[in-house]
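If you want the building blocks of each chain, they are given just below.
Number of protein chains: 2
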Amino acid sequence: MSPRPLAFIGTGVMGRSMAGHLLKAGHTLHVHNRTRAKAQPLLDAGAHWHDTAGSAAAQADFIFTIVGFPQDVEETYLGAGGIIASAKPGAVLVDMTTSSPQLARRIATAAAAKGLAALDAPVTGGDVGAREARLSIMVGGDETAYHRVRPLFELMGKIIVFHGGPGAGQLCKLANQIGIASVMMSWCEALAFARHAGLDPTRVLESIGGGAAGSTAMTVLAPRALKGDFAPGFYVKHFLKDLRLALEAAEAMKLDLPGTAQAKKLYDQVAARGGEDDGTQALFRLYQAQG
Amino acid sequence: MSPRPLAFIGTGVMGRSMAGHLLKAGHTLHVHNRTRAKAQPLLDAGAHWHDTAGSAAAQADFIFTIVGFPQDVEETYLGAGGIIASAKPGAVLVDMTTSSPQLARRIATAAAAKGLAALDAPVTGGDVGAREARLSIMVGGDETAYHRVRPLFELMGKIIVFHGGPGAGQLCKLANQIGIASVMMSWCEALAFARHAGLDPTRVLESIGGGAAGSTAMTVLAPRALKGDFAPGFYVKHFLKDLRLALEAAEAMKLDLPGTAQAKKLYDQVAARGGEDDGTQALFRLYQAQG
Chain A
0 MSPRPLAFIG TGVMGRSMAG HLLKAGHTLH VHNRTRAKAQ PLLDAGAHWH DTAGSAAAQA
60 DFIFTIVGFP QDVEETYLGA GGIIASAKPG AVLVDMTTSS PQLARRIATA AAAKGLAALD
120 APVTGGDVGA REARLSIMVG GDETAYHRVR PLFELMGKII VFHGGPGAGQ LCKLANQIGI
180 ASVMMSWCEA LAFARHAGLD PTRVLESIGG GAAGSTAMTV LAPRALKGDF APGFYVKHFL
240 KDLRLALEAA EAMKLDLPGT AQAKKLYDQV AARGGEDDGT QALFRLYQAQ G
Chain B
0 MSPRPLAFIG TGVMGRSMAG HLLKAGHTLH VHNRTRAKAQ PLLDAGAHWH DTAGSAAAQA
60 DFIFTIVGFP QDVEETYLGA GGIIASAKPG AVLVDMTTSS PQLARRIATA AAAKGLAALD
120 APVTGGDVGA REARLSIMVG GDETAYHRVR PLFELMGKII VFHGGPGAGQ LCKLANQIGI
180 ASVMMSWCEA LAFARHAGLD PTRVLESIGG GAAGSTAMTV LAPRALKGDF APGFYVKHFL
240 KDLRLALEAA EAMKLDLPGT AQAKKLYDQV AARGGEDDGT QALFRLYQAQ G
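Each protein sequence line maps, in turn, to chains A and B. Sequential numbering from 0 applies to the first sequence in numbering that gives the first Met the number 0. Sequential numbering from 0 applies to the second sequence in numbering that gives the first Met the number 0.
No lab work stands behind these hints: they were computed from the structure. Be a bit skeptical, because a hint or two may be false.
Label pairs and their computed distance ranges (CB to CB) [claimed, not checked]: (1) A:Arg243 <-> B:Ala230: 36 to 42 Å; (2) B:Thr108 <-> A:Gly67: 45 to 51 Å; (3) B:Gln289 <-> A:Tyr234: 30 to 36 Å; (4) B:Thr218 <-> A:Gln101: 27 to 33 Å; (5) A:His146 <-> B:Gln287: 46 to 52 Å; (6) A:Leu77 <-> B:Gly227: 39 to 45 Å; (7) A:Gly67 <-> B:His146: 28 to 34 Å; (8) B:Gly114 <-> A:Arg223: 44 to 50 Å.
The C-beta atom is built at its ideal place from N, Cα and C for all residues, glycine as well.
Just chain A, with the same shape it has in the complex (with noise of 0.2 Å):
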């Protein structure tokens, strides 16, 4: 794709590191963040910083989001002087926040209504994911908006994949946080118990890590809570919040989901218990307080 002026609203740890490569790769980068300091290390790599969310969408063919919660995303775009009312016509919406799947749907609704075309594009890979371009990127909307923006998805991620209409992919980045909720206490159990039981839980990762016990969340987030870093990683706040959009989805559509359910009220107690900006490994601790 030959150079095009994009925006980059929302430079936290995800957001900086993905409006990175887009800079790199040689493109004109208009951004705004609510912290401007955040902002700092793109600006000093010479992307143009803008006050407000608007007036940097409205230099750009392509306007990429990932602020923190769907109120944020809500307010983003169809706020006065936000996005759809500051795009240029023909402009790509592309949000990259996990959110709700219905306002993916109406963001899309008042993007068509004004002759643009919006994509909901959560992510997952974590800071590490985000800093080595090797997200998995879950795409719904318009598709032939999707092939228009994919090289620039190439240039953040691995995994691209379109899922659907406005919301898809959204709703697959639900299905991967219900995927991790019950994940968590698999390890979290698995070791709780052997550490009850008098074993060594190093020893015991040994032997169960490689098999039908194991996940990539017992290789990377079970060493760090044996060695008591609870570290965030990924915001126990933040995965409360995407469990609560979650159980709302399943049960608008009816779908019963008691492992996930159960994660959430572990989590909530995880937050009540003063967890809330720890990482979600510090589920590990709820168990070990039981001893």
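Chain A is fixed; fit chain B onto it per the hints.
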């Protein structure tokens, strides 16, 4: 290790492959199985048949067992004419069945009283792991005996870890089964949600299989479940046995395992609907049935 007389009791899917590796390494093999026909490939390859476990055990320096349920283990070791009554002084007894830690301790005590050493050494890795000698073997019991048996374990497995005194191998195996319990809910719920949401679950697997929701079970079992293949790799009825043992052991140490308890309830439903002889991936059918 120079060729030695060995006994192998229990030549089902797992035992047949494991005993085969011992035989191929040049050891003399005395075998017994409830159903003689299942031992035939070993007999054809040079193993010696015995009508009872005790008779096979009486000929051997090292006696291996992998039978069905704890009551089978109890009878095989502690019954009249069983292994402990029949083994030669100095022999090492190795139970590789997934059984109860308490029973492992009782066998170790009874063995010691007769001048025999005992190990509990359950495995993971399934039929394929057994066939390819890539099992994970989790060992508890007499540590000196462990070092004597280790060269034989190395003929059957890849990851061999000593976890402590009698019962420690069984406790580690229970930790493994605990880990599996919630992992099964994880991929079932993620894919049931995807399908109910109208997504293509195969594409969803592509997006999420390599990330934080990823697990060995998702990689191996989800594709089978999506194809409607519920043939047993690992039987629901055996998994339920293991979950009962695990939850009993956890209860005895006053450890709450809500994820495992939830999975057990779901597998009880799978069994109640006639799925006892299906593979553990039959859990997916339970979620599907909601649609």
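Now the hints, each set against the structure:
1. Separated by about 37 Å at the C-beta atoms, Arg243 of chain A and Ala230 of chain B satisfy the suggested range of 36 to 42 Å.
2. The supplied range of 45 to 51 Å is broken by Thr108 of chain B and Gly67 of chain A, whose beta-carbon atoms lie about 59 Å from each other.
3. Separated by about 31 Å at the C-beta atoms, Gln289 of chain B and Tyr234 of chain A satisfy the suggested range of 30 to 36 Å.
4. Separated by about 31 Å at the C-beta atoms, Thr218 of chain B and Gln101 of chain A satisfy the suggested range of 27 to 33 Å.
5. Separation of His146 of chain A from Gln287 of chain B is about 33 Å and departs from the stated range, judged on CB atoms against 46 to 52 Å.
6. The hinted window of 39 to 45 Å between Leu77 of chain A and Gly227 of chain B holds, with their beta carbons roughly 43 Å apart.
7. The given range of 28 to 34 Å is broken by Gly67 of chain A and His146 of chain B, whose C-beta atoms sit roughly 56 Å from each other.
8. At roughly 46 Å, the beta-carbon separation of Gly114 of chain B and Arg223 of chain A lies within the given 44 to 50 Å, and the hint holds.
Hints 2, 5, 7 from the earlier list are contradicted by this structure; the remaining hints agree with it.
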